[in-house]
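> Next come the chains, spelled out residue by residue.
Number of protein chains: 2
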Amino acid sequence: MELKNKKIAALVHDLYEDLELWYPVIRLREAGAEVLLAGEKPGAQYKSKHGIPAIADIGYNDLDKDNFDGVIIPGGYAPDKLRRYPDVLAFVKQTDEAGKPIGIICHAGWVTISADILKNRRATSVGAIKDDMINAGTDWVDDAVVVDKNLVSSRTPADLPFYARAFIQLLQP
Amino acid sequence: MELKNKKIAALVHDLYEDLELWYPVIRLREAGAEVLLAGEKPGAQYKSKHGIPAIADIGYNDLDKDNFDGVIIPGGYAPDKLRRYPDVLAFVKQTDEAGKPIGIICHAGWVTISADILKNRRATSVGAIKDDMINAGTDWVDDAVVVDKNLVSSRTPADLPFYARAFIQLLQP
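Chains Y and S are the protein sequences, given in the same order.
This note's numbering applies: residue 1 is where the first sequence begins, and numbers increase by one.
This note's numbering applies: residue 1 is where the second sequence begins, and numbers increase by one.
Note that these hints are calculated values from the structure, not bench results.
Since we're looking at a predicted model, the values are computed, not measured.
Just to be clear, a hint being listed does not mean it is correct.
Because identical chains share one entry, a pair is satisfied inside a single copy or across any pair of copies.
[What the hints assert, rightly or not] For lysine-lysine, the following DSSO-like pairs were computed, each having C-alpha atoms within a straight-line distance of at most 30 Å:
no.: 1; residue 1: K100; residue 2: K130
no.: 2; residue 1: K100; residue 2: K119
no.: 3; residue 1: K4; residue 2: K119
Working from the sequences, and respecting the hints, build out all of it.
Following this line, the structure appears as structure tokens:
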């Protein structure tokens, strides 16, 4: 149990990418962390791109950087929804200011663009949003995983082994 | 890289349970193992219960216990298909005789029933096939994960953290 006593928020909304949510969530649980899914309100139900259900444990307005040791954001089209919630953006911004791990994969970069934490940050993303990432100030690179201080980023589900390992590494005591 | 130089077969067919295939597959890759998906022939395409595609790397007739260090079998309704292939059953039987790790979760027990390796074995499964497991000689228990020598079994996707950890443990040098 490498991550005992660690508490991580996973942000969800409709059309999240199936494995980009569930692989890191289950992986962190396997490592001993507590992982809570955050949605519009506790009990809110979302479906992945392929229809796998996810039920929110807490609401976005329950997110408080002091209560979490990190946050993971899946790709798919959920990030296009997530970036519309001020509570989500405030949490991501404050988590970053606290230097706590933030994981973004695929389209999740959109959330960090709107939380305005990418200026002069080295990161990657799915190719489709590369221009958005660069326009937001990112030093964009094409790599399976990029770690810049507390920010971990990957491109697609094929990168999940590297993404999860890097995120867990950052959470080590 | 705990599992460098380990090679694992993952059996696939239509209606496999999404996370019961992909979580262990990606987890083993994260740990450094090579994981090959086995289907009717190389390139055969299957869809999970929710429609996530999986493409076979090798055919069932390429399965040879001397070339693999273990096998994982997902649940869903894929096991109802998998048990119809003599090549699958022979591989599972020979892998068991070689004492190499076999992972079954949910409905995957059906494959081990037809491979006839459950007599006097302690194991679990999804509740729905408990009677089939017991009738095949299993000492059936209701636990998140059960390890009996080289056989690792779990019940449902909620058990995946325990299942993966136990399977990896068995593969340690």
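> Decide, hint by hint, whether the structure agrees.
Hints, verified against the model:
1. Taking identical chains as interchangeable, the C-alpha atoms of K100 and K130 lie at most 30 Å apart only when both belong to the same chain, with a minimum of 24 Å there against 45 Å between chains.
2. For a Cα distance limit of 30 Å, the shortest separation of K100 from K119 inside one copy, 17 Å, qualifies, whereas the shortest one across copies, 50 Å, does not.
3. Taking the shortest alpha-carbon separations for K4 and K119, neither the intra-copy value of 33 Å nor the inter-copy value of 38 Å comes in at or below 30 Å.
Consistency note: the structure conflicts with earlier hint 3 alone.
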